[in-house]
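A.B. asks: Read off the chains here:
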Amino acid sequence: MRAHLPLIFFAVLFTLPIGATAAQAHGNPVLTVDPTIVAAGGTITAKGSQMEPDLEFAITLERAGKAITLGKATAMKENSTAEDAGFSQTFTIPADTKPGSYQVRATSPDGDTASADLTVTEPTAAATAGAAMERLASGELQVLDRSKPIAEIAGLAIIALIVGVVGVWLVWRSEDLAAH
Amino acid sequence: MTGREVASGSASPMGRPESGLRAFFQERLGLSALRYSVPEHANSIPYLLGGISLMGFGLLLVTGIYLAQFYHPVPTDAHDSVVYIITGAPLGDVVRSIHYWLAQIVVITVVLHLLRIAFTGSFKRPREFNWYVGLGLFVVTMGFAFTGTVLKFDQEAVEALEHNIDWAKLVGGFGAWFSPDFSQSVPLLTRVFVGHIAILPLLFTLLIVVHFFFIKQHGISPEVTRDATSRRTAGEGRSHFDVHIRRMVGFGLVLLGVSIVLSLIFPAPLGMPGVAGAEVTRPPWMFVWLVPFEEWLGAKALLIVPLVLGAILALVPLADRSPFMSARRRPWVVGFIGLLFLVIVASGVLAELRPVSAHLGAMP
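Chains A and B, in that order, give the protein sequences.
To convert, note that position 23 of the first sequence is 23 in our numbering; the numbers rise steadily by one, no gaps.
Plus 180 on top of the position in the second sequence (first one is 1) and you've got our numbering.
In case anyone wonders, no lab produced these hints; they're calculated from the structure.
Careful, some of the hints might be misleading.
Unchecked claim - Partial selection, computed: residues in chain A whose CB lies under 10 Å from chain B:
id, residue
1, P99
2, S101
3, V120
4, D145
Claimed, not checked - Negatives, chain B to chain A, calculated, CB over 12 Å:
id, residue
5, A248
6, L470
7, I492
8, R508
Claimed, not checked - To spell it out: a stretch of chain B is covered by chain A in this simulated footprint if at least three of its residues, at any positions, have a beta carbon under 8 Å from a beta carbon of chain A; those stretches are:
id, segment
9, 253 to 263
10, 436 to 450
We put the CB at the ideal spot given by N, CA and C, even for glycine.
Construct the complete structure from the given sequences, taking the supplied hints into account.
C.D. replies: Structure follows, in structure tokens:
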């Protein structure tokens, strides 16, 4: 028995995290989407699982801090004995969605979230209302609002001044400083 | 001297006892090893250009890591994510502009460093190998500038990427990595991003370590006088390397301050989203000198001109073998390098003055 102690120790050691992971996963909402690549104007099926029963989730399409609302989905138990609930619902990606990589996110009123990656491509002909506008090449600069709060400008100017003065001081006094 | 200082036995290299904090760090970090002798001229600005460039690279690394948190390196999202960096990310516009201005300044300091080495004969025996390592670092620097240009994915970037694809076709199998056909699962832009943040930094690190090793082995090149000859100077001099480091850091901070001010006054530009197949922009200034050669030779200039320039620079230590360092002792070599530099500058000015014309796809 004593000879098997290390084996038992390592068996317990490696089993513990597995149990812990399984316990952690239980109750954390999970979201999947199908398909994971869709043309703008197309539909996706979002499936939620490991959710609290009767909780309503807002489904959004997100990219770079911007969110498009796709709809809502309510988590339901599959049967009366099941502990977890989930949903399977179809959503339409707006036809004017710009092609790119997005995240589909389900957010509960409590702030629980789950997300899945989704790539949106150019809209299909059926999804496009009219002829696509052809963009022309331009060497012009993009006009953006680059104004900054006065406090930010002042703060950065002070930082620039401080690092500049410290830098000049280090260069100027480097021999003296090194001698001490 | 206090009893504690006597017990620790710590004394500064000047023979004075060290303070408690200084002694604490000295005992653990051994920083006094950096206080080895270097010639006084090593601390002058021309001989600090390499160190100033290194400080710039360090700041570029820090600002680049920040930008990478918001940049999305796929063709459909890249430009939008740059717009987001400018308009939405906290301090994104300023950090991007600092990154941009530091990159411009570092290219200038690297070129000046290369010219200083060439004009003062610092590549001569026993420093020939370090010249080649330095050329490698120069290529890596230009690689950083090129890939950085492509990443913003505006019109200028898309045209740069198309030049990259043309170049890949010209060099055949050697250019496979630069071709969109290399990977069917990852866009070329994403791989350019990997090049910018992983491959080039790795190459840079390897080369800079070797560069430093050689400098430590040979010492800084001797001060140029009329009869000075190239030799090893390691361990010589009345100044110390820690003075060199302090001045490097000092200039690095000045560089940061200047970059912040430039960023506030002249934010980094961003063009309109790129449209493939059009040529309506000029390349960035560090590459614009190639345009007249492209108009003359077609796209193959992208291969021929860098190869010729690289070959000339590689031949410098072989062609200039006299031990003398003074430019007056080697007027032909210095004159030729100066003329080469002037041709590049003149070509760049010409390209800036002339209207933009399409030359892509002009391959024979």
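A.B. asks: A separate judgement is required for each hint: does it hold in the structure or not?
C.D. replies: Status of each hint after checking the structure:
1. Proximity of P99(A) to chain B holds as hinted, the smallest CB-CB distance being about 5 Å (cut-off 10 Å).
2. At a threshold of 10 Å, the smallest CB-CB gap from S101(A) to chain B is about 6 Å, leaving the interface hint in force.
3. Below 10 Å, beta-carbon pairs count as interface contacts, and V120(A) has one with chain B at about 8 Å; its hint therefore holds.
4. Checking D145(A) against chain B by beta carbon gives a least distance of about 6 Å; that is within 10 Å, so the hint holds.
5. With a cut of 12 Å on Cβ distances, A248(B) stays outside the contact zone with chain A, its closest approach being about 14 Å.
6. The Cβ of L470(B) sits about 18 Å from the closest Cβ of chain A, beyond the 12 Å cut-off, so the non-interface label holds.
7. The claim that I492(B) is not at the interface with chain A holds, since no C-beta of that chain comes within 12 Å of its own (minimum 33 Å).
8. Against the 12 Å criterion, R508(B) stays outside the reach of chain A, whose nearest CB is about 30 Å from its own CB.
9. Coverage of a stretch by a chain is defined here by at least three residues with a beta carbon nearer than 8 Å to that chain's beta carbons; for the segment 253 to 263 of chain B and chain A the count is 6, and the condition holds.
10. With 10 residues having a beta carbon nearer than 8 Å to a beta carbon of chain A, the segment 436 to 450 of chain B meets the requirement of three or more and the stated coverage holds.
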